[in-house]
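Colleague: Chain by chain, the residues:
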Amino acid sequence: MTIDCASYRRALLADPQAATPELDAHRAACPDCAAWTTRLHGFEGRLARVLAAAPAGTAVDAAVAQRDADASPGAAPRGEAPVSLAERRNRRSRPGRPVRRGWLAAAASVLVALALVMSLWLAAPHASLARDVVAHMAGEPQAWARTTTPVGAAQLERALKEAQVELAPSAPLVSYAQACRFRGHLVPHLVVQTPGGPVTVMVLVHERVSKPVSFEEGGYRGMLVPDGPHGSLAVLVRTRDADTRTVRDTAEEVRAALRWQG
Amino acid sequence: MERERFQSLCQTLRPDLVRFAFWLARDPALAEDLVQETLLRAWKAQDSLKDEAAAKSWLLTIVRREYARSFERKRLVTVDLDELVIQEDPGLARREDAELDALRAALFKLADEYREPLVLQVLMGYSTAEIAAELGLTTAAVLTRLFRARKQLRALCGEDTSGDPEE
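Protein sequences, first through last, are from chains A and B.
For the record, in the first sequence the residue sitting at position 163 is 163 according to this note's numbering, with numbers rising by one throughout.
For the record, in the second sequence the residue sitting at position 83 is 83 according to this note's numbering, with numbers rising by one throughout.
Derived by calculation from the structure, the hints in this document are not laboratory data.
Only a predicted model underlies this, so the values are computations on that prediction, with no experimental measurement involved.
Cβ atoms here follow ideal geometry from the backbone N, Cα and C, with glycine treated the same way.
Wrong hints could be hidden among the right ones.
What the hints assert, rightly or not - Listed next, with one range per pair, are the computed distances between beta-carbon atoms:
| hint | chain 1 | residue 1 | chain 2 | residue 2 | range |
| --- | --- | --- | --- | --- | --- |
| 1 | A | 145 | B | 163 | 16 to 24 angstroms |
| 2 | B | 65 | A | 7 | 33 to 41 angstroms |
| 3 | B | 51 | A | 19 | 24 to 32 angstroms |
| 4 | A | 25 | B | 111 | 17 to 25 angstroms |
| 5 | B | 156 | A | 196 | 51 to 59 angstroms |
| 6 | B | 65 | A | 135 | 38 to 46 angstroms |
| 7 | B | 156 | A | 240 | 23 to 31 angstroms |
| 8 | B | 65 | A | 186 | 43 to 51 angstroms |
| 9 | B | 136 | A | 259 | 25 to 33 angstroms |
| 10 | B | 99 | A | 5 | 20 to 28 angstroms |
| 11 | A | 150 | B | 71 | 51 to 59 angstroms |
| 12 | A | 2 | B | 44 | 53 to 61 angstroms |
| 13 | B | 136 | A | 140 | 28 to 36 angstroms |
| 14 | B | 68 | A | 248 | 33 to 41 angstroms |
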């Protein structure tokens with residue numbers, strides 16, 4: 001079945017990641033729609049970045065700032081939550097803002113919530129690194145295509161060169177490879193094709209994590225995985241595409257296939 | 001579910017909950033309140049969460065209910081959109097380029113019925129069917145809203161929409 005340009009564009013405006021044989025065939029046959037799709041994906045990337053940006057002053061930014069302090073390996077454990085719920089509420093209170101609930105209920109709620117919030121603070125993972133990785137994804141939506149075509153050997157080599165790393169033949173099929181600027185360094189950004197769907201792997205030579213950390217953020221789920229003295233890997237999938245097991249298995253496969261030269 | 005596992009789960013999902021609450025309410029302070037209330041309710045009702053894989057959807061549903069309750073309690077802070085863009089959100093007005101600022105402002109102006117499915121799709125990674133289930137709509141209605149949301153956003157942002165189809 002073939003579709004016309006209007007139907008194609010209507011479908012992509014509703015879901016820019018939509019992929020069916022009919023849509024793919026139309027895009028391949030229609031240069032105008034292919035160019036329009038590229039522009040739409042650019043818009044979509046900006047939209048994802050705006051939506052994923054944490055509103056400053058909210059719990060996200062405060063938590064991320066604290067987690068940054070915790071993120072470095074060997075960071076000393078904190079003895080208390082940095083900011084209490086009551087204090088945070090006072091900081092952002094506005095004149096005339098109504099009180100939320102009655103005294104007894106409020107006291108009980110605040111105590112329970114405070115216990116929960118403190119425990120969440122103390123369990124803080126490497127959220128800002130995960131957030132930066134997710135933000136980077138928004139700029140390259142085209143990388144997520146499902147395909148059986150591997151990226152060219154020369155392109156793969158260029159992507160890996162700066163990080164002084166190679167991939168053993170046992171690695172899963174790599175369909176996308178770029179050397180991307182990330183936190184001031186050029187790092188390999190790879191997409192590998194797995195039975196569970198496309199999986200992105202970023203080889204973060206300059207980022208260390210002390211232990212594997214899972215995250216789910218901005219429509220992605222993934223893991224930050226330490227790789228000995230070489231830095232870490234960020235491995236992630238779109239939540240709509242694959243599950244946690246795919247992330248974990250791919251992380252293991254890629255880590256086993258990496259050959260560090262430096 | 002074990003208490004530690006539940007805490008870890010909340011920790012993992014919390015940033016997305018705050019972002020979702022923010023784009024729902026368009027008010028950082030209210031977003032924080034909504035998430036606090038959500039976690040509190042989730043904490044009390046954690047035994048009702050049987051399937052850990054459903055935690056995110058469960059928590060997002062609680063956020064939406066808390067947002068609806070904020071109307072019932074008549075404690076909702078009304079938002080002046082222009083003021084929100086220009087002043088209150090240094091929060092959002094980071095040093096980014098004009099395109100992102102325009103897009104952010106356009107998102108604030110988008111009607112709730114269009115912004116909410118868009119946020120669920122782009123930020124939360126929900127499929128059309130999942131959005132339909134969450135919002136109690138048909139998939140056709142969700143697709144229509146998403147189509148209109150992007151059409152309006154692109155127009156508000158001054159994108160070249162000459163190639164965009166009519167409804």
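Colleague: Work down the list of hints and note, for each, if the structure agrees.
Modeller: Results of checking the hints against the structure:
1. A:145 <-> B:163: 16 to 24 angstroms: 22 angstroms, holds
2. B:65 <-> A:7: 33 to 41 angstroms: 37 angstroms, holds
3. B:51 <-> A:19: 24 to 32 angstroms: For residue 51 of chain B and residue 19 of chain A the Cβ distance comes to about 28 angstroms; the hint holds.
4. A:25 <-> B:111: 17 to 25 angstroms: Violated: the Cβ-Cβ distance is about 35 angstroms, outside 17 to 25 angstroms.
5. B:156 <-> A:196: 51 to 59 angstroms: 37 angstroms, violated
6. B:65 <-> A:135: 38 to 46 angstroms: About 29 angstroms separates the Cβ atoms of residue 65 of chain B and residue 135 of chain A, which means 38 to 46 angstroms is violated.
7. B:156 <-> A:240: 23 to 31 angstroms: Given about 26 angstroms between the Cβ atoms, the range holds.
8. B:65 <-> A:186: 43 to 51 angstroms: 46 angstroms, holds
9. B:136 <-> A:259: 25 to 33 angstroms: With a Cβ separation near 52 angstroms, residue 136 of chain B and residue 259 of chain A fall outside 25 to 33 angstroms, so the hint is violated.
10. B:99 <-> A:5: 20 to 28 angstroms: 26 angstroms, holds
11. A:150 <-> B:71: 51 to 59 angstroms: This hint holds: roughly 53 angstroms between Cβ atoms.
12. A:2 <-> B:44: 53 to 61 angstroms: Given a distance of about 55 angstroms, which is inside 53 to 61 angstroms, the answer is holds.
13. B:136 <-> A:140: 28 to 36 angstroms: 34 angstroms, holds
14. B:68 <-> A:248: 33 to 41 angstroms: 37 angstroms, holds
When held up to the earlier numbered hints, the structure conflicts with 4, 5, 6, 9 and fits the remainder.
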